[in-house]
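Join these two chains into a complex; the hints should help.
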Amino acid sequence: MVAVKRVLDYTARVRVKSDKTGVDLTNVKMSMNPFCEIAVEEAIRVREAKGTDEVVAVSIGPRQAADTLRTALAMGADRALHVHTDAEVQPLAVAKLLAAVARQEQPQLVLLGKQAIDDDSNQTGQMLAGLLGWPQATFASRLELDAAAGTALVTREVDGGLETLRVTLPAVVTSDLRLNEPRYATLPNIMKAKKKLLAATSPEELGVDVAPRLQTLSVEEPAKRKGGVMVASAAELVDKLRNEAKVI
Amino acid sequence: MLAALARATGGRLRSSAAALGTRTFHLTGSTAAAEAAEAQCAATQADADFDLTEDQRQFKQVAATFAREELAPFSAEWDAKHHFPVETIKRAADLGFGGLYVGEDMGGAGLTRLDAAIVFESLSWGCVPTAAFLSIHNMVASVVDRYGTARQRSMYLPALTSAEHLASYCLTEPGSGSDAVALKMTAKREAGGGGYVLNGAKAFISGGGVSDVYLVMARTGQAGPKGISAFLVEKGTPGLSFGKPELKLGWNAQPTTAVVFDDVRVGDDSRVGQEGEGFKIAMQALDGGRINIGACSIGGAQFCLDSAREYTRSRQAFGSPVSHFQATQFRIADMATTVQASRLMVRHAAAALDARSPTATIECAMAKRFATDSCYNVTNEALQLLGGYGYLQEYPIERYMRDLRVHSILEGTNEVMRIIINRELDRLDPK
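Residue numbers (my numbering), protein chains in the order written: chain A, 5 to 252; chain B, 69 to 499.
Take these hints with a grain of salt, some might be off.
[Stated by the list, open to error] Quick look at which bits of chain A chain B covers, simulated, 3 or more residues with Cβ under 8 Å:
#	stretch
1	48–57
2	193–204
[As the list claims (entries may be wrong)] 20 Å max Cα-Cα, derived EDC-like pairs, lysine to aspartate or glutamate:
#	chain 1	residue 1	chain 2	residue 2
3	B	Lys128	A	Asp71
4	A	Lys200	B	Glu137
5	A	Lys199	B	Glu137
6	A	Lys198	B	Glu137
7	A	Lys196	B	Glu137
8	A	Lys33	B	Asp173
9	A	Lys199	B	Asp173
10	A	Lys196	B	Glu172
11	A	Lys33	B	Glu137
Everything labelled a hint here was simulated from the structure, so no lab data went into it.
Even for Gly, the Cβ is constructed at its ideal location relative to N, Cα and C.
Just chain B, same shape as in the assembly (with noise of 0.2 Å):
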């Protein structure tokens, strides 16, 4: 409705006005958005286009495509609202962005993690919250599609690559972030008869509430990495409920909630892999996890970037235009390096992954720990060069800033990945 109409009109209408080379500039609202697309879209050709093959360039001319025109004119909107686009992410799913790195077999589109890297950075342009959902609703789609049996595959993954069906992970708990592994959410072994009884409770879950399919990680066993096992639990089992939507800082356009499992009994067949795997099944998810986070980091920055140099153009001060101060020149020409180096990392980890190097691990570590932070603080530069307007809501600067501020505690925090490095520094190169 909406989106076709901006589809239709936003887009067609203003093709004639683009092309006699006549503009007006005004930040305002959606609005906004809608006006640095049209700006965006002359910068991106110019970041590095040519390491991407011809299928690449397309699927992100298709990503921005669908950013633009169906992400950005909503997402000052959605924040406000705190209103999460099911609609929408059905769309995503439509084009194949549920399933991007699930076999072709069950719906998905079979790419692979650069690719993906390519999709999130060019969608989180257009909305940060929503693009990061898809990444996480990925995330658990790839999980069933790598280890789980074929009747689990063609129970859920159907669902999961058209988004019919929404997902959410479940690891952190309320007693347990970072120290993932000591998690105490029980999955006990019923007496008698199959299956387990799930007993615990899970916080900042992405999507909770909403989602339909959740992937749990549960203590089978023993103390440490090798008691845990993975389950998938559906929405409308009993005993499972949920909390109310968190208040956040950013990342309104998602609920956030605790899920809490009172006697949750499932199945045998809803433990995805084998008892004990569940720790390493979550770890090797978030290593992709980390780059579309990474990835949507740098979609983020892009636009703010973009947004700045556009301000800066038409702002004047002391009789010049901002952007003819050599001090907003070289504050965008370190932004510019500084999502460009990010870019580069968070590919080359991602290529990296899909070539089951032994470097993956620390340089997805690497490629989340650099991208979050820097890019975060290229939304916080945009802001100030926005002056007061930059902390104004009807600018969309400081929404992309609230929204990546969670990138550096999310998917392991930053502090995280620098053990994570550390061990891994130690793994590859003893000294």
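Only chain A is shown next, with the shape it has when bound in the complex (with noise of 0.2 Å):
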């Protein structure tokens, strides 16, 4: 099961809204996350690689989050399913969607992107695992299945390095960037994915609360760059950097 998430396009030009209650998204260019693109590429990898029989991508959102299913379908996953709602929703209710799928889907691998680059959360796939209680290997660089024995290898990208886990499945991994690099849709895959299933259902069937827990207080642009300041001295510089930014 790969979650995907329909994002701000990573090219767009974005813009705070004058009230400061977010990002304006009239008339913007969204697509699937990109690492959610990778964590795709990736189930489809273990399909071909016989570590799966069926790629299964459920997205939450409104109407357009199917746009984002279709790609999935268009890249080579099996069947899509759509969580319909066109509530804000939080990575903790997206995690509590996502559970309530999994129990219902039975995978043996969950796959998500490490992080979505609208909201930079990077809590899904964790808080995911822990609603499953099953085990977590976020920050994938390399995955590696074994169907037989159940279980998975996997290579997170960590602060000290790369930590290499071995985890029982079925298990929760989020993709990091260097996991895979995803494939375009062939157009001929385009036009295949309109005969795959693309099924919706909605928090209310699933069983699901997905009341935010978190207030948005203020969005606002970062601040506009000042001028640089030339130093005359090193001694300068260390005054500057522990008096005035108060770094040091």
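Rendered as structure tokens:
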């Protein structure tokens, strides 16, 4: 099972709404979160290596989330499930919904992107594993499934370097940048995707409460870059870093 | 290799910077294309997506992504080094761009002409000559698909749709371009036994010397259109040779050579269609080719429009960004209007061709004539908006201008388009 999120396209110019309640998304190009693309690619590779029979793509969101699912189908996912809601869904709600879907679908592996490029939360995969009581291996840069043994070897990119875990399946794995390079959807696959199943459900049907637990107080643009200052000596630099920028 | 890196790093690493809303604008060499690429994506949302189907939106997305990641970062280098990006063309074919409107049974994508127009517009945004070559390659593949025997189809199409073999279209000769009917190359029946002997020369052949398969129009019969037949000739056939690559103003990422036939012997099964059908085949192929060339002009003009808008926003003069001056704004508005008008004409003509409408030929001629001329003018305007920088090769505008200039000449000059428009007007609506 692979979860995908529809986000602002990474090349889109970001504008904050004047009332500071969020980012202005009207008419902005949206696409699949890049880390989710990597997760879909990995899921398909697992299937191609015969580690699994079927890749199911899941997405939560309004009507347009189905577009993202169609992209996943065009990349090679076998079928898709759209959890349709117009409400704001925060990572905990997403994790609860995905847990409900996972209990229905009973996958060997749930793949997600490590974080979405809109909120950069980096929470959903971890919370999902917690809710299901499954092992988790996040920031994966390499995944080797041993379906027969019921385990997976995951290399994680952590601050100190690379860490390798062996997890028993079923498990939750989140993808990092260097896990793979996603394939393009080919034109024939885009057309074949039309014939694949895209089912829909809702939070109500899954029995999940998605009420937000966090309230966004304000969204602002980063401060505009101020001009730099030339310093005359190392001593002056240290003085400014300590007393003005207060970083040391 | 490079492309993989560009896709992995250029795409991904740039994501956080873009999401934070911090951007640096610098138009230099290949990064110019990449930076303008980021601007482009916001812009494309605004174009007439309302009339595209869900599938067409996805086709466009794939083509646009491919253009942004595999074409745009390298286009300047290919132009400077006169490098024909065969590997990239093969990668494009892996996505289905090698046989867009060839049947799926032969590895094609089975798309419509309208789908293809949308694809070429997106691809040429990244690199005009590469997109244009794909158009020519597709044109030959579609001729084999439509007019070929079962044997010819199964012999040539799988390799063409995968771009394992590249194809070129040979109609023009040193002595006949617009007056195509006057072609002199002969295909004489071999005495006893079957087959033909081809003698003559073709000029200005895109892909010449590199392509594996050449669709050649030669005279098998009397003077006039009914005496012309079409043949498929493979590179390596004895007697087939190529001139040196021409030094051109643009389209440098594509080799253009003369193709010389000196007693080239081919079998009966090399002839496509019946004897005497060649001219009809050639003209029918060009209808679609004209739509694609128009689409390529639009993609190139859109890139220049996007670049000019980005540039004028950041360039300061007399205390304001240049984009604040009404003269600039009016120019940009006219450029955008022109590109949109071209787009609608080309797409409508493509739809007419798909529907086999009686107006298809006149529409294709009008769309080609209009889009190629107007979009070239758009690149010229964009160059002016960039001022001195527009004239430098370090900035991409001049390359697009050089590339688009030839679109008014090939696939039928715009003068020939006017002849066709007049003829069709009289045919459709006699006065």
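Evaluated hints:
1. 48–57: violated (count 0)
2. 193–204: holds (count 3)
3. Lys128(B) x Asp71(A): 14 Å, holds
4. Lys200(A) x Glu137(B): It is violated: about 28 Å lies between the C-alpha atoms, which goes past 20 Å.
5. Lys199(A) x Glu137(B): 29 Å, violated
6. Lys198(A) x Glu137(B): 26 Å, violated
7. Lys196(A) x Glu137(B): Distance ~24 Å between Lys196(A) and Glu137(B) Cα, so the pair is violated.
8. Lys33(A) x Asp173(B): 35 Å, violated
9. Lys199(A) x Asp173(B): 18 Å, holds
10. Lys196(A) x Glu172(B): 11 Å, holds
11. Lys33(A) x Glu137(B): Roughly 17 Å between the alpha carbons, so the hint for Lys33(A) and Glu137(B) holds.
When the structure is compared with the earlier hints, violations turn up for hints 1, 4, 5, 6, 7, 8 and for no others.
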